[in-house]
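Engineer: Here is what each chain is made of, one letter per residue.
2 protein chains.
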Amino acid sequence: MNIKVIGNYIGKFAELWEQSLTDLIKEGVEGVLADAQIDPKSIDAIFVANKASGSFNNQRHLGALVSEQFAHFPPAMRIEGACASGGLAMLAAEQALLSGVYKTVLVLGVEKMTDVSGSETAAILATAASREKEYGSTFPALYAILANYHMNKYGTTREQLSSVVVKNHLHAFDNPKAQFHKKFTLEDVANSAMVASPLRLLDCSPISDGVAAVILSSKPSSRKAKILGFGHGQDTLALADRQDLGRLAATEKAAKQAFLMAKLSQTDIQVAEVHDCFSIAEILAVEDLGFFAKGKAAAAIAKGKATYGGQIVINPSGGLKACGHPVGATGVKQIAFLANLIEKGKFERVLAHNVGGSGATAAVNILGI
Amino acid sequence: MNIKVIGNYIGKFAELWEQSLTDLIKEGVEGVLADAQIDPKSIDAIFVANKASGSFNNQRHLGALVSEQFAHFPPAMRIEGACASGGLAMLAAEQALLSGVYKTVLVLGVEKMTDVSGSETAAILATAASREKEYGSTFPALYAILANYHMNKYGTTREQLSSVVVKNHLHAFDNPKAQFHKKFTLEDVANSAMVASPLRLLDCSPISDGVAAVILSSKPSSRKAKILGFGHGQDTLALADRQDLGRLAATEKAAKQAFLMAKLSQTDIQVAEVHDCFSIAEILAVEDLGFFAKGKAAAAIAKGKATYGGQIVINPSGGLKACGHPVGATGVKQIAFLANLIEKGKFERVLAHNVGGSGATAAVNILGI
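Residue numbers (numbering that gives the first Met the number 0), protein chains in the order written: chain D, 0 to 368; chain A, 0 to 368.
Misleading hints may appear alongside valid ones.
Unchecked claim - SDA-like, lysine to any residue: derived pairs with alpha carbons at most 25 Å apart:
1. A:K102 to D:D243
2. A:K40 to D:D243
3. D:K40 to A:E251
4. D:K102 to D:Q36
5. D:K223 to A:S98
6. D:K102 to A:E251
7. A:K40 to D:K40
8. D:K40 to A:Q256
9. A:K40 to A:F72
10. D:K25 to A:Y134
Hints were generated in silico from the structure; no laboratory data involved.
Since we're looking at a predicted model, the values are computed, not measured.
Can you make the complete structure from the sequences, with help from the hints?
Structural biologist: If you want it as structure tokens, here you go:
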């Protein structure tokens, strides 16, 4: 496979009260073009990742809105897979490049969530769940079920959940684009307000606005970051229909496909951005991706095995938890952040993992030099 | 290019009060699998076309909902480009097949629009327009501007607009899946209620529920219908930003690319399903696709040149106007209807044309034996 990430840009993740959805799109387009240093006319097509701009921003033709930022109006489509929209837009773009139809494409992820109230946002997000939403289940409630199951089956502890949060906020402290720059102790997490037992406020990723963009190209380039493999998995929408609440089968399937395509194994990966929408989600992710044995990740993270100097660096950006989670932007941000680490010569084999819903959709991308 | 349409299915288009969004999806999956007569496990991936199930049906993870109709949970993503969602899902599926990542994919388009009131539906649809929506412009109002421009510049008449409607209702009369089975006279159309001058009620496509699906495969098959070419064009969202209100540049670009890929010219095409969301839209479409010279299509349609026995058959299904327009399903229905005509040996070179917004997005597919 000959696809390189020839440009990357991440806007500030925050509650961006003074920027509109269109402002974020303009910022993402200008930022990634400036990084790639290419003629805008060389963009052959655009893949836009966004979950719900119709409901958040009263805007329902987002591909066209990104396309019209260019004088030559590149073909554009919006890709949606709930919170995995960014990862899926990467897959659609990669497939388009492999088809030979296009040579250079823009993948832009954006979400402007704070244009509606927090309760409206929660209601919009919950509609990516299954019939569970009809019983009033929110995403924290669904992930709380997964957390309780994991704690009961594998002995995962409150302190271990907290260690994920502490680590990711430490990582975010060094990321200027992160929504939060505040270090927390294990006690801070364990004493934060209860949301859905056992998940507390600091176990949960925030509501965020933000944009991220990458340019992928099959043309020769002096840039370092290559796409080595990708995978896409699905599972049932409802937790009640799952075989095993101790794992996300969609992640396992996506990882298997991506590693096969990349001809790599888990021990080759030095750093991964994984979908930690809740603390328990990171634990599930690094187990289901195969970085840690099932039931062993929580203890390993608590022992420092998932940060610098450990076995693998998980969520160096701060993850969804501390960098922020503007839904459609998240999966693209993972790629942009990792590609930038490769460009800077810091790492050579990296992985991005993006989940939709409570695990119905998963996308994995593996990048390297 | 070696992609065949190995299965096609169109559900009844209507106000389907007794079927849910999930019911329609189940019907589409079962229907197209039955037509293709393949093992469901051979579906490698799914591309779902839908405009606004989040707002219409409180469902925002549609790819996963289609995937879970299969025991093996194929990878699924939702593709959206306003009313061109179906056409764009075809393009994404074609690119995925050409990439070699998948061999057989399902493209399913669905929209359940009648779960909200007519005024809510109009408001949801209008958000695919540009800042124009802030001035209260609805789609009929925007297409009325295009109609007035065309009438002033090219002498297009009220009677010629009506002739599009009369023809498409005649065609729909023979299509059991069509929403309307009622023949109209030129006078009926000209005397129907005014919506946005000069467009009257019978100039407008209806609000519809419906599903359509095709299975595309790069594997050997005894089926006849092949994909010969495809194209994708964009233009400004707002009419005010356009160079020329007498044409849709997005259609011209998409057609040019599709004809180039298919190595065919307009005179090779025997039948086309085009995006007649309003009577004027069909006139623009057949001019911008190159079937009739600019400014000459309205008179040609009125003279019977766009029906059986004429120069080309336009909208044999009845089009959006009379077959119905369940937004996400429309572009897929066009492909399913045309593929079925080819299978039955009725035509050998056909074209589908799907538009988003007031012409910001256009997708063209050319099929043949």
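Engineer: Any hints this thing doesn't respect? Which numbers, in order?
Structural biologist: The structure breaks hints 1, 7; every other hint is satisfied.
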